[in-house]
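Visitor: Sequence:
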Amino acid sequence: KYFLTELPGLAQWQYGLLQAYILPKAYWGPIVDKALKAADPVKELLAHDPLGSEPVAGPWVVQRWEKGAFITHLPNKYYAFKGDANTFYKNGAFMIENKKTGVKWTTGDAKGDVKLQVVEGPYVDQLRFRILQNQNAAVLSLMKGEVDFILNSLGLQRGFQEQLKKTPNIATIENSVNGFRYMGFNLGRYPFGIKEFRQAVATLIDREYITERVLQGVAFAQYSVVPPGNAYWFNSDVKMWGKGMTRSQRITEAVKLLKSAGFSWEVEPQVDLEKDKVLKRGKVLIMPDGKKMPSFEFMVMTAGYDPLRYTFGLNIGTWMQEIGIPCEVVPSEFNVVLSKTDERDYDAFLLGWSLSLYPDHMHWFFHSSQAPAGGFNSTQYVNPEFDKLSESFLAEPDLVKAREKAFKMQEMLAEDLPYIVLFDTPLIEAYRSDRLEFPYTKVLSGIQYFGGLTSTVKVKK
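Heads up, the sequence shown is in the working numbering, so the first residue is 66 and it goes up one at a time.
You may find that some hints are simply not true.
[Claimed, not checked] Taking CB as the label site, the calculated pair distances span:
1) Y274 / D354: 29 to 35 Å
2) G157 / K66: 30 to 36 Å
3) P359 / P437: 21 to 27 Å
4) P353 / Q435: 25 to 31 Å
5) K231 / D98: 17 to 23 Å
6) P437 / R195: 39 to 45 Å
7) G123 / T383: 23 to 29 Å
None of these hints come from the bench; they were simulated from the model. Ideal placement from N, C-alpha and C gives every residue a C-beta, glycine not left out.
Input sequences plus hints: build the corresponding full structure.
Guide: Put into structure tokens, the structure is as follows:
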């Protein structure tokens, strides 16, 4: 039972408790009680095998599971939402109606032109997930007709999209994503906690040059901690450090920012603005405390794990070194980066996030309560004004007011730069167009985000 003592905000209620999973106590109660007595309760729960015994509320029940090979599902004959007609109107209204069960619910003025209607299934008599080792194997299986859709949380690599476009009976789709890749500094270590230092680094980074010229359009530049694909919550007016500047203009502005915070050089960078040329590289950066800045480690993904983040990391390192910021780019394994950032044992890093629709991640990533080791605030950003605003945002029950606060939070974060947001990639997917018919394919974060739309997809006869 939950007892609310005051009006909850959208993040706490509509996008919080109301979206919590409700599990049958009769089944899970004894299992949880047993797990709580174990040395590692979480490990004990994850080791539980529910096959054939767990009550299921969704559209599918597991028929067979060959670990490492495939999982086969059959339709759940007790699925409560089968036959639900979900109607989206052009005026923004929405209606759910099931004439068989008598369920009907609307929000807004549910009349007029219909934008989309999706009727809940399932429409197929069996669903099989084949587990393949890599994208090469998955694409080959799709081309041979051995699978109908490739389910991958990161989507397909751009090269496969070009290959599949030329293959008959295969459709490729491309969607915006709700996430971002970013650079973070350990604000608890000097001089990374100096805002102007982070602003100078952000100014040096030519996102458009990397995404459009180096990566040939595989990725797109981003500047805000709320992605543009999440349109209602995205603030397009946040500060975009260095955007549109030439290389020499970026260096000039970065030097200006560093000087304003008390930095200096033994050899100051010099540029020719007219010819956009670097005349002299910066050497030996002196920090505001009068000491020479020591070299620091900048952890990036290995080229094998994520060539895009690796490429960004190398370029950022080069640009910092060009003005005398002494850094060493260190390609690192993903788990190593996670461990070090979680323990706050790092200088700088490059990681990424996939996000929920409601942007309460801004609170969890940047509120001071999350700054200690193990919390989500891995850069250890502390700003009492932001804390107050983010707490107010979590508690806000009005959608319009919540949006205004979310916009203000984005502006503050774009100014203070606890994260330097860099880029993301569109999510590319492919399916057999001669076999499958999806109710829609244009959706934030792609079809994969909704598990492949398995309860509404139809197989062509």
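Visitor: Each hint should be assessed against the structure and marked as holding or not.
Guide: Here is how each hint holds up against the structure:
Between Y274 and D354 the C-beta distance comes to about 34 Å, which sits within the given range of 29 to 35 Å. A hinted range of 30 to 36 Å holds for the C-beta pair G157 and K66, which are about 35 Å apart. Evaluation of the 21 to 27 Å hint for P359 and P437 yields a pass: the beta carbon distance comes to about 25 Å. Taking the beta carbon of each, P353 and Q435 are about 28 Å apart, inside 25 to 31 Å as hinted.
Checked against the given bound of 17 to 23 Å, the beta carbons of K231 and D98, roughly 57 Å apart, lie outside it. Distance hint for P437 and R195: a CB-CB separation of about 43 Å, consistent with the stated range 39 to 45 Å. Take G123 and T383: their Cβ atoms lie about 49 Å apart, and the range 23 to 29 Å is violated.
Hints 5 and 7, counting from the list given before, are not met by this structure.
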